[in-house]
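Trainee: Could you put the whole structure together from the sequences, leaning on the hints where they help?
Protein chains in written order, with our numbering: chain U, 1 to 336; chain W, 1001 to 1474; chain Z, 2001 to 2115.
Everything labelled a hint here was simulated from the structure, so no lab data went into it. One thing to keep in mind: the hints can contain errors.
Below, simulated DSSO-like cross-link-like pairs (lysine-lysine); rule was C-alpha separation at most 27 Å, straight line [what the hints assert, rightly or not]:
| hint | chain 1 | residue 1 | chain 2 | residue 2 |
| --- | --- | --- | --- | --- |
| 1 | Z | Lys-2053 | U | Lys-158 |
| 2 | U | Lys-222 | Z | Lys-2106 |
| 3 | U | Lys-124 | U | Lys-188 |
| 4 | U | Lys-263 | W | Lys-1122 |
| 5 | W | Lys-1015 | W | Lys-1064 |
| 6 | U | Lys-188 | Z | Lys-2011 |
| 7 | U | Lys-6 | Z | Lys-2106 |
| 8 | W | Lys-1066 | W | Lys-1015 |
| 9 | Z | Lys-2053 | W | Lys-1041 |
| 10 | W | Lys-1315 | U | Lys-246 |
| 11 | W | Lys-1340 | U | Lys-263 |
| 12 | Z | Lys-2106 | W | Lys-1340 |
| 13 | U | Lys-44 | U | Lys-158 |
| 14 | U | Lys-317 | U | Lys-70 |
| 15 | W | Lys-1340 | Z | Lys-2053 |
| 16 | W | Lys-1440 | W | Lys-1373 |
| 17 | W | Lys-1011 | W | Lys-1066 |
| 18 | W | Lys-1066 | W | Lys-1041 |
| 19 | U | Lys-210 | Z | Lys-2106 |
| 20 | W | Lys-1315 | U | Lys-263 |
| 21 | U | Lys-70 | W | Lys-1015 |
| 22 | U | Lys-263 | U | Lys-209 |
| 23 | U | Lys-188 | Z | Lys-2102 |
| 24 | U | Lys-210 | U | Lys-188 |
| 25 | U | Lys-6 | Z | Lys-2094 |
| 26 | W | Lys-1119 | U | Lys-263 |
| 27 | Z | Lys-2094 | U | Lys-263 |
| 28 | U | Lys-222 | W | Lys-1041 |
| 29 | U | Lys-207 | U | Lys-222 |
| 30 | Z | Lys-2102 | U | Lys-158 |
| 31 | W | Lys-1258 | W | Lys-1122 |
| 32 | W | Lys-1221 | U | Lys-188 |
| 33 | Z | Lys-2011 | W | Lys-1376 |
| 34 | Z | Lys-2094 | U | Lys-218 |
| 35 | U | Lys-188 | Z | Lys-2094 |
| 36 | W | Lys-1221 | W | Lys-1119 |
| 37 | W | Lys-1162 | W | Lys-1119 |
| 38 | W | Lys-1408 | Z | Lys-2053 |
| 39 | U | Lys-222 | U | Lys-323 |
| 40 | W | Lys-1340 | Z | Lys-2011 |
Next come the chains, spelled out residue by residue.
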Amino acid sequence: MSKSLKDVIPVGHIYIKDNILEKDSLAGVSESKALWAKDLNLPKKAEYTFFAACGYQHMKYVEGMMGALKSASKMGMGMGKVVGISKAFGKVGVDLTGITAKITASKDDPYTPVLISAISVLRKLGLDVGYLHEEEPCCGSPMYYAGFEDDYAEHSRKNYEIFESFGVKKLIGLVPACTASLRDYYPKYIEGYDLEVQHVLEVVVQKLKKTGVKPKVKENVKVTYHDPCQLSRYLELTDEPREILKSIEGIELADLDPEQCGKWSTCCGGGGLEATHPELAERVGVRRVEELLETGASVIVSNCPACEMQLTKVTKKLNANVKVIDLVRLLDESLE
Amino acid sequence: MGGSIISDLKKLVGKENASDNIYERISYGQDAAQPDLEPEKIPVAVVKPQSTRGVSEALKYANKNKIPIYIHGAGTAFKGSPKPKRPGSILLSTQGLTSIEEHEEDMYYELGAGVNLYKLEKLLLSRGYLLPMTIGSKFSSTIGGAVSINTVGHMVDICLGKIIDYVMGVEVVLPNGDIIETGTRSIRRPAGLDYTRFFVGAEGLFGVITKVRFRVIADRKKAYVVGFFPELTDVAHAFQRYYREKLPPPLYGEVLDKVAAEAPFRLRGLGEPKGHMALAITISYAQEEADREAQEMVRVFKSENAIDAHVVTSKREQTDYWDARDNILNILQASEGDEKLVMAGALESSVPLSHLDDVLVYLQTGHTYRALKEAKLFIYGHIGTCDLHGMWVAPVSMPQAERMQIAKEAVQLEGDVNLMWGCASGEVGQTASRMPFFKKRYGMAAHTMLMNVKKAIDPNNILNPGNLEGEGYE
Amino acid sequence: MSNSELAELAKEITDNVQRCWKCRMCVEMCPTYEGWFTQSTAGRLMAINLYIKHGLGSEEDLSNMLYSCTTCRRCQERCRILSTDCSPADTILKARQYLVRKAELKGERNHEQIP
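Mentor: Dropping the structure here:
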């Protein structure tokens, strides 16, 4: 790493880039990769390959990482002032590499169950998918958004070779940013890129229509939907989540003003901003949650790990009497 | 006091409400569509007071030290008014004044000058009122800015009136820092001398509006009409006929030439426009009445050669046409080959009803300006209120000097139109860039009178200096 | 990455900014806007242009502005639907690439000087 890079690029982004390049994981933890799927019997080869991505898998680590970055920035060790990121973490007493707790589906981790639900929903709708397990690479998109275009391009080409070596032709993504990365950015850097990429919600909507299955929740509930930016304005999927919600018996969807939802949805401040401007990210989050609370819904549904982490954190901070739940999990619970 | 300007200002308005960051200073110093800002005219500081008192302190300071001070709402004006004309200035934005007091029992809201128009519109709608103005930049712009220009934007003035008709009074900070109130709390405006009028539409020359007592008006029922015409002049004839038949003025009457309509139509998947597009919205207290007026509009459109004219009932179709019209800048998304387009020159004039057709012809073929003739022209406007716009575009690669020539000729052409037909701008303010025309149109005696008024109220000429003088636009 | 490639990237960025006509409709769209233009898309675009074209302002200030963008693209949608479609969010991303490439280029040079 050159000295001049650290002077202008926020250290959080450099840290994440190094994690991806060295450990092939956003959070720098490769140990717990694919653990969520160990009891699911997912084959490596199938017509459709599920792309789990880093977000839901390592969210617990990411939470710790963001906390550490926040402390680092509070201690004035933001951009240009950090000697070394590990030293910074040492100072604030967080030993990231030392975290080895096994993370599987557990009650205190709301994120990995979303992955299991995604597989479960697809199975209930009659689609069996494959999964690359430990071989699944990190898509590298945080590097793209941080400005490390060359690193991202190289990483994408390496990944494409991995996909090719397993004969992957059709991908089904779950994390919006990673799905957009695989669908819209990889073709810019990979000659002859031929993977067909869909988001799981697109598949679900098609299958719901085809099978005529009628999902149903146990108790009637009023929900509102928070469109993740990457889903609404990158993947341009704003009707699908609403169609799914409306298909569930017992769900009342209370949407915001059209200028605040769908393609005009306000950003919740989750994602990369937390790594560099944690306090601003929190204020952005508060503004968004206040909008969502205006609907009077008792549940905020979304489907992005970064949004869910942010919304959960902010609703707690505001003592709001509202739950944050992933759409895929909600649907899983509503399907027989 | 006696430190640097920025440190003095920070003491006066709070350190988080003043900035000397170069990016802020230039951002605020620039003006939409007229981005050229000479380096020495970059303001030395930007202040955003959070209270009327803060505005007063800043003005007192500027007045005492004879520092020019330029006033912004959101800075969305595009005829040069908020641009600093003199070196070493302070830029003051009233955007921080966002208080809203509801007095529905007396039919008004008391609004801080910085209240955002879109948010205000939303609030009023939720209470069953309508905002009697449609400003193109509403997502950013403020009530203070709109009141200081006195424009209802796209609306037809003779339908619901102009902003002045809704301003029951204002709170104003004078150049010496004194805070005064004007007007009344009654729905009946004061008769005789009502010096509210000194400030509404004065473009910040005499004082800084900090609060607006704004009368509310109950929401109305609407009906939507669209028509497509073979010739632009057909649209002019349609509106001339509509008024000649003594029908009630619509809330909106819009025109968008066929070429201009193409890009926004494509963007919204509407296919090719069938001709030059005209849009109207009729309003009334009762839906049946609004619908009947819309039917009359359709009849009039058809009698003036409309290829197609109908009442638009589908919500989707309404949104599509109106978005296509409201966002005329979409035309810049039409590219010529690989070349992206930029706006080079613009004209806006509100002309006499009987000459709508003559002006349309003149804009297209009547004048002799070379650079304008070579550039691509789009015509649109609020034809129901006789307000026409021309926009000349150029490829992004065109050298700055050529682009400036187009801009200059557009301003000259606008002056010519106003002189020839004895009219004026109805939408975006008369001072700053339009002063050369102003002097020709109204004469030097009128200009001297205004200069004298200005001098009496602002003896040190600290408020927006150079605008009334027409500096930089000679 | 060479100097000329960096210059090419710079041109691509400033050409895009050139199309922004400062209507400022993106300002209120921006989730990080808290009253100052530099906290919004319009301010970021302007700063990019001023820095790259005229060398105004500090690299640290610019970096802080660019990385405080959430890349949510709400501004970009607003610009596409209502204005000149100058791709503000993508331009901010490109400007981040510019900062990285410039820093890397500088790093390489420093490296060359030290045997």
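Trainee: Tell me the numbers of any earlier hints that the structure contravenes, in ascending order.
Mentor: Numbers 1, 2, 3, 12, 19, 24, 28, 31, 32 and 34 - these are the hints that the structure violates, sorted from lowest upward.
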